[in-house]
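Fit chain H to the given chain E structure using the hints.
Taken in sequence, the protein lines are chains E and H.
Residue numbers for the first sequence follow numbering that gives the first Met the number 0, beginning at 0 and rising by one.
Residue numbers for the second sequence follow numbering that gives the first Met the number 0, beginning at 0 and rising by one.
Heads up, some of the hints might be wrong.
Since the list gives no way to pick one copy over another, a pair counts as held whenever it fits inside one copy or between any two copies.
[Unchecked claim] Derived pair list, reagent style DSS-like, types lysine-lysine, alpha-carbon separation capped at 25 angstroms:
{"hint": "1", "residue 1": "K374", "residue 2": "K47"}
{"hint": "2", "residue 1": "K5", "residue 2": "K47"}
{"hint": "3", "residue 1": "K368", "residue 2": "K170"}
{"hint": "4", "residue 1": "K131", "residue 2": "K101"}
{"hint": "5", "residue 1": "K47", "residue 2": "K368"}
{"hint": "6", "residue 1": "K253", "residue 2": "K368"}
{"hint": "7", "residue 1": "K253", "residue 2": "K67"}
{"hint": "8", "residue 1": "K124", "residue 2": "K101"}
{"hint": "9", "residue 1": "K253", "residue 2": "K240"}
{"hint": "10", "residue 1": "K276", "residue 2": "K35"}
{"hint": "11", "residue 1": "K276", "residue 2": "K5"}
{"hint": "12", "residue 1": "K131", "residue 2": "K240"}
{"hint": "13", "residue 1": "K240", "residue 2": "K368"}
{"hint": "14", "residue 1": "K5", "residue 2": "K35"}
It should be emphasised that the hints constitute simulated quantities derived from the structure, not laboratory data.
Here are the chains, one letter per residue:
2 protein chains.
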Amino acid sequence: MTLPRKELFDIPTGMIYLNGNSLGPVPIGVAAAVEKTISEQWANQLVKGWNTCGWYEQPVRVGNKVAKLIGASQGSVVMGDTLSIKVFQSLCAGLAMRPSRKVILSDTGNFPSDLYIAEGLIALKDQGYTLKLEDPETVIDAIDDTVAVVLLTDVDYRTGRKHDMRKLTQKAHSQGAVMIWDLAHSAGALDIKIEQSNCEFAVGCTYKYLNGGPGAPAFIYVRPDLTSTTQPFLSGWMGHKTPFDFEQRFVPAKNIERMRTGTPPVIQLSALEEALKIWDETTMQEVRAASIALGDLFIAEVETRCPQLALLSPRDGSTRGSQVSFAFEHAYAAMQALIANNVVGDFRAPNVMRFGFAPLYIDANDVIKAVDTLKHILDNALWDKPEYKERNRVT
Amino acid sequence: MTLPRKELFDIPTGMIYLNGNSLGPVPIGVAAAVEKTISEQWANQLVKGWNTCGWYEQPVRVGNKVAKLIGASQGSVVMGDTLSIKVFQSLCAGLAMRPSRKVILSDTGNFPSDLYIAEGLIALKDQGYTLKLEDPETVIDAIDDTVAVVLLTDVDYRTGRKHDMRKLTQKAHSQGAVMIWDLAHSAGALDIKIEQSNCEFAVGCTYKYLNGGPGAPAFIYVRPDLTSTTQPFLSGWMGHKTPFDFEQRFVPAKNIERMRTGTPPVIQLSALEEALKIWDETTMQEVRAASIALGDLFIAEVETRCPQLALLSPRDGSTRGSQVSFAFEHAYAAMQALIANNVVGDFRAPNVMRFGFAPLYIDANDVIKAVDTLKHILDNALWDKPEYKERNRVT
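Bound-form chain E, shown alone (with noise of 0.2 angstroms):
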């Protein structure tokens, strides 16, 4: 197919959406497929529909379409929980395989809530780990045999800084580390190819380049050779191996299955199955050339016509997420100011403006529309008029 796709997604008229790295729109049938849920399988099929409507296979036959986009096996993969249930999951199983060593490394370019979730699972062991922290353009020499897990994100959230995937697993491997990698800004943006990284354990949100809807479930990748000896240690009945049998002991599925927790949630699952649609249509390789050029393009335009804005991410689009970030003084007011004009990207903590570029449903008019306005923005800009600024002194 020929990017972009607009009609597949139902998003305001005029609204140029550069946050599709925060939440992507709606796909065109959400709505219908989850009526159809609702109003066909929960209201007729009832508790019947566990079985006559699939709803107990979705997390694997979903995550079986996510694994396509990952580059990952077929039963690899399985949906479920949060993105910080299944890094904590992650985690548990990392450290077991590693139980002579007491260090989790990890960046200080990775999600916080990655590190919270390894602040907590330490507390909760209390056998004397650590999380050590390295910046991201270093952490690679921080990896020595003393580290049970090295657990970084792709891309960084900020930056849209992309690491090598492939580099840094080897690293890990050649000390003894299990590679965990977060793909939240990857999945649905970049040519990922995990499998081949060799790492052991992946995850990632839906709700960003996926399309899921807020709130939609994880995913969780386990290297083929894993999935039936990993420990799933958050083991809810339906990693069971045979749930319905209501057995008192816990005998792990021999496959995937055993990273399922609770009960899956059907309804957000609904969703996200009818967004990932949309991807039967293209591929992986088209959308992440697309996305380069259109950031590549972005970064020329900015920087010839807005020049007060300061490029923050990687300039070589390889190294470089699906998003790009401009450091700015009144990056706040003019992320406002954009947002009431219908561009619609974000702000992130002190002064970073955050673009994301999303080729399903943006194009090239909408780079050059976007940075008009910003450009628009910038000319007239209250934070450069004497009274603007006497107005906002500090007293």
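Frame of chain E, contents of chain H only:
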């Protein structure tokens, strides 16, 4: 209001639904509420919906509604995750409150997932913890000063046997143990006074008698004096004091919000929030009284007309949940036949027929009709005919 209120539910015509203890039916209004969340809120507000549509506050807002239904103070309940995850979180917090003790005590009537979760946590902590299981009738005698946490489900999922929450909690506290109640089969059916029981934690699901839909999120209650100090352990960013400051260290919220984990399931929560409106029109006392009457009637009718079945549930309604179970040699086949005749209960191995009575949509006429159908099935049963026995003979 007078019960039932069948017009508040979308139940297939002619169906007598006696399985609300597994999955409640669709409340009228849920489909439209979810449609609004998708096609108005998500579609038009996109990421701004977290603020403009109240998504961010939803877990606490809905938690406050659940709080009213279980006799808890405002600000002591929050929604999120699955029941299994909330069991895990409460167990972690409970064990941390009794660091010198190593026993988790439960009973054989607990739902298996609760036991599996305890097993997983014990393996994770790897510090000599044990899970001790007693019979429901004698578990109170097993509470001694070695027990860190007592984890019990109020109503037995198989028999409907109800525990004496106050008495068990008192015994736990007299021995210095922390008490966790699982209200899976109680919330929305029984007139629970959780705060009066004085337990430290309670958890439950919302897809049974609260009609939140398949995969509806769970809740966790923390006793009000503990909400600002309990350790969340599953410390995702939504439990942070200031999540949008994106600090690298976790600082828990000063209230029940610390028990939030990751990004909440907005679509599922909007279904649940709408479903809970039903409770503005009735009281739990009214529902509980009607449920006991329906259960008593069902027992009397079955015992009179279908003597092949043997009562498994308590005869005394005050010690019974909102379900009635019978043992029967041909339970599986009989339940299949009932379902085929639009009387929907369910089967639990090896020989249990389980019937739930939710007075919001079930009345005495339904109970009589259900027993009529059961009697007809028994009177015409294949399993009493020689040719059936021959065909099904184990060879």
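Cross-check of the supplied hints:
For a Cα distance limit of 25 angstroms, the shortest separation of K374 from K47 across copies, 23 angstroms, qualifies, whereas the shortest one inside one copy, 57 angstroms, does not. Taking the shortest alpha-carbon separations for K5 and K47, only the inter-copy value of 20 angstroms comes in at or below 25 angstroms, while the best intra-copy value is 37 angstroms. In this homomeric assembly, K368 and K170 never come within 25 angstroms of each other (Cα to Cα): the closest approach is 43 angstroms inside a single copy and 69 angstroms across copies. In this assembly of identical chains, the alpha carbons of K131 and K101 lie at most 25 angstroms apart only when taken from the same copy (10 angstroms versus 30 angstroms across copies).
When the C-alpha separation of K47 and K368 is checked against a cutoff of 25 angstroms, the pair qualifies only between copies, where the shortest distance is 21 angstroms, while the shortest distance within a copy is 51 angstroms. Taking the closest pair of Cα atoms, K253 and K368 never come within 25 angstroms of each other, the shortest separation being 53 angstroms inside a single copy and 44 angstroms across copies. Taking the closest pair of Cα atoms, K253 and K67 come within 25 angstroms of each other only inside a single copy of the chain (21 angstroms); across copies the shortest separation is 42 angstroms, beyond that limit. Taking the shortest Cα distances, K124 and K101 sit within 25 angstroms of each other both inside one copy (11 angstroms) and across copies (14 angstroms).
In this homomeric assembly, K253 and K240 come within 25 angstroms of each other (Cα to Cα) only inside a single copy, at 7 angstroms, whereas the closest approach across copies is 40 angstroms. In this homomeric assembly, K276 and K35 come within 25 angstroms of each other (Cα to Cα) both inside a single copy, at 16 angstroms, and across copies, at 22 angstroms. In this homomeric assembly, K276 and K5 come within 25 angstroms of each other (Cα to Cα) only inside a single copy, at 14 angstroms, whereas the closest approach across copies is 37 angstroms. Taking the shortest Cα distances, K131 and K240 sit within 25 angstroms of each other only across copies (22 angstroms), while inside one copy they are farther apart (36 angstroms).
For the homomeric pair K240 and K368, neither the shortest alpha-carbon distance inside one copy (54 angstroms) nor that between copies (38 angstroms) is at most 25 angstroms. Both within a single protomer and between protomers do K5 and K35 lie at most 25 angstroms apart by alpha-carbon distance, with minima of 24 angstroms and 22 angstroms respectively.
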